[in-house]
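Heads up: the protein sequence lines correspond to chains A and B, in order.
Letter 466 of the first sequence, counting from 1, is numbered 725 in the working numbering, and no numbers are missing.
Letter 102 of the second sequence, counting from 1, is numbered 106 in the working numbering, and no numbers are missing.
Check the hints yourself; a few may be wrong.
Each computed DMTMM-like pair below joins lysine to aspartate or glutamate, with the alpha-carbon atoms no more than 25 Å apart [to be verified]:
#1 B/55 x A/285
#2 A/564 x B/174
#3 B/63 x A/498
#4 A/737 x B/160
#5 A/737 x B/32
Keep in mind the hints are simulated off the structure, nothing from the lab.
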Amino acid sequence: MPAASSTKAPSLAHTLPVNVPVPPAELERPLLVANLRSFGWISNRVASLTEGRAPFWWWVLFIPSLLALGMLGFMLTYQISTGVGVWGNQHPVMWAWDIVNFVWWIGIGHAGTLISAILFLLRQRWRTAVNRAAEAMTIFAVMCAGIYPALHVGRAWYDWWLFPIPNSNSIWPQFRSPLMWDVFAVSTYFTVSVLFWYMGLIPDLAVMRDRARTRVRQFLYGLFALGWTGSNRHWSNYEKAYLILAGLSTPLVLSVHSIVSLDFSVSQLPGWHTTIFPPYFVAGAVFSGFGMVLTLLIPLRKIFKLEDIITMRHIDVMCKVTLATGSIVGYAYAMEFFIAWYSGNPFEQYHFLGRALGPYRWAWIPMVSCNVLVPQLFWFRKIRQNLFVVFVMSLLVNVGMWFERFVIIVISLHRDFIPSNWGYYRPTWVDICTFIGTFGLFFTMFLLFIRFIPMIAVSEVKGVTPQADPHHPLGGAKEVEMAP
Amino acid sequence: MNSTTAITRPYGMVAEFTTAAGILHAAETVRDAGFSHWDVFSPFPVHGMDKAMGLGNSKVGWFSFIGGVTGYTTGMVMIWYMNTFDYPIVIGGKPLFSPFSAFPPSYELTILFGAFGALFGMLFLNRLPRLYHPLLKNKRFSLVTHDRFFLVIECDDPKYSEIETRQLLEHVGSRHIEVVEE
Numbered sequence: 260m261p262a263a264s265s266t267k268a269p270s271l272a273h274t275l276p277v278n279v280p281v282p283p284a285e286l287e288r289p290l291l292v293a294n295l296r297s298f299g300w301i302s303n304r305v306a307s308l309t310e311g312r313a314p315f316w317w318w319v320l321f322i323p324s325l326l327a328l329g330m331l332g333f334m335l336t337y338q339i340s341t342g343v344g345v346w347g348n349q350h351p352v353m354w355a356w357d358i359v360n361f362v363w364w365i366g367i368g369h370a371g372t373l374i375s376a377i378l379f380l381l382r383q384r385w386r387t388a389v390n391r392a393a394e395a396m397t398i399f400a401v402m403c404a405g406i407y408p409a410l411h412v413g414r415a416w417y418d419w420w421l422f423p424i425p426n427s428n429s430i431w432p433q434f435r436s437p438l439m440w441d442v443f444a445v446s447t448y449f450t451v452s453v454l455f456w457y458m459g460l461i462p463d464l465a466v467m468r469d470r471a472r473t474r475v476r477q478f479l480y481g482l483f484a485l486g487w488t489g490s491n492r493h494w495s496n497y498e499k500a501y502l503i504l505a506g507l508s509t510p511l512v513l514s515v516h517s518i519v520s521l522d523f524s525v526s527q528l529p530g531w532h533t534t535i536f537p538p539y540f541v542a543g544a545v546f547s548g549f550g551m552v553l554t555l556l557i558p559l560r561k562i563f564k565l566e567d568i569i570t571m572r573h574i575d576v577m578c579k580v581t582l583a584t585g586s587i588v589g590y591a592y593a594m595e596f597f598i599a600w601y602s603g604n605p606f607e608q609y610h611f612l613g614r615a616l617g618p619y620r621w622a623w624i625p626m627v628s629c630n631v632l633v634p635q636l637f638w639f640r641k642i643r644q645n646l647f648v649v650f651v652m653s654l655l656v657n658v659g660m661w662f663e664r665f666v667i668i669v670i671s672l673h674r675d676f677i678p679s680n681w682g683y684y685r686p687t688w689v690d691i692c693t694f695i696g697t698f699g700l701f702f703t704m705f706l707l708f709i710r711f712i713p714m715i716a717v718s719e720v721k722g723v724t725p726q727a728d729p730h731h732p733l734g735g736a737k738e739v740e741m742a743p
Numbered sequence: 005m006n007s008t009t010a011i012t013r014p015y016g017m018v019a020e021f022t023t024a025a026g027i028l029h030a031a032e033t034v035r036d037a038g039f040s041h042w043d044v045f046s047p048f049p050v051h052g053m054d055k056a057m058g059l060g061n062s063k064v065g066w067f068s069f070i071g072g073v074t075g076y077t078t079g080m081v082m083i084w085y086m087n088t089f090d091y092p093i094v095i096g097g098k099p100l101f102s103p104f105s106a107f108p109p110s111y112e113l114t115i116l117f118g119a120f121g122a123l124f125g126m127l128f129l130n131r132l133p134r135l136y137h138p139l140l141k142n143k144r145f146s147l148v149t150h151d152r153f154f155l156v157i158e159c160d161d162p163k164y165s166e167i168e169t170r171q172l173l174e175h176v177g178s179r180h181i182e183v184v185e186e
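Just chain A, same shape as in the assembly:
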């Protein structure tokens, strides 16, 4: 688009003659905000989603979510007051659904940080339309994840021993264990995600403050907007801080799932003890996270009529990221089998044969089909343009990734080195209800988020429109200017 202005002759005296050829039409990128929507339209469209009475469908989703959240509260109370035995974890499978769900929820969070941080550093400007909702997803997913290890320790009232706080036994946490690294990784991840999300929200809370009609809204949005005025001296510091937070979040997100994977790979267990785990876990996390982003945004863009902001191009690129990460995951699966064969280690070989042929093969089959085969359909443009198919596939991605964690954790544990240490794990009703309850927590939080907070980063989306570019005719540029 910007090159369209180059057809006019330069009129400034100090500029050299410019001759920029206009690119052919097929190379022109579609605009990130469709239909040349104005700044005001973007504010009105996004902010109006949080104004007025809640629509009927919102209550239809919110009430079951709240009930499920209540069930989570009941399950956690029951588990704390009775003991870990209410879960199905039994020798030899001492890590089961709790850790499966922990890793699954943490993994879902990773797409939010990938979108907000890594794509920012890579100058992928399409991220602006989805980053707010994806970051919110990250925060709520990490909240769901955090419940599990905190409860799995058995005596949840001693959770504070995980942190370096002096206690009456004078014993400190043991930092040679990857489980301690995980405490620091996950708590840092949560904190930095909240900081990053809140900083991105400050200008948009000012948008909400300036539109607010009621005293309560004026007060609350005004309080959290911290008195933002849109001053360019402030924007200058703000953009630098945003860049630094993106730069810090990038190594952070890569480290979090790497450290989660070290919980497994530092052990000596066949199926866990592999060097491939950190990159493999990160790719899988991004894969499942994009699945969840698509699951959430495809219906929301329809219901909220956000098609001009979350365009088909956005869906298209997210499908491509899912395809790329899904293929990395497929490569990792193949490589695990190859290494098992190539290592010549009979325990390793037995374990991997057991994945495909053992008593838990019913978990291995959906894992491979949902994570490796299903995403390959995204090679086809027709599939990527069909929202219903993309939505169903995004659900399958999440199902597949849950089974991946189940395969890694439960299959590796259920047959120990000697047959007398073999067992077969089954979840109890408490396991199942707790997992459903975490969905209640997630969706309660997410529904409150879309109700009260602008779910699109208004000021960032305005910044990627052509009229935001002072060197574009739509931005008011009168003549072609050379960069000085």
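Place chain B on chain A using the hints.
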């Protein structure tokens, strides 16, 4: 539009613009005219505005850097103190302190403190939170978060003059100029 009333102290002269290019060129002119107490307000960061206003590189990086160094040092020293000095326990024949096993938590603390440095450094440099601001009282100025751009020259600028400043802002293309009170 409204002329100043001498009853309350004026804060500054607010000029409204409707396009990004308009505000950018206005900022270049005001910068070249030698004003010092002035600012540009926009719904999003306008590309090239820092240069047009003559602003240097933001100093947020220093806050984040100091935060990061503090975080890494805290992590390493804390782990050494806890597991080697204050209560040494041998576990699995591993050394009491190793920079490798101490690295992951220290790395996370680097990022954590660096992120706090970035956010709070930004807020400190911007003197936020500041819930009262003369401009926020102005009805028209509330469009700054919607679709308008404003250039504000404060009255305590040494070069400020009621008439000439207004002429300058009219000359750079503002259609709406008013004086906002403190």
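Hints and how they fare:
no. : hint          : result
1   : B/55 x A/285  : 34 Å, violated
2   : A/564 x B/174 : 40 Å, violated
3   : B/63 x A/498  : 11 Å, holds
4   : A/737 x B/160 : 33 Å, violated
5   : A/737 x B/32  : 15 Å, holds
Going through the hint list in order, the structure does not satisfy hints 1, 2 and 4.
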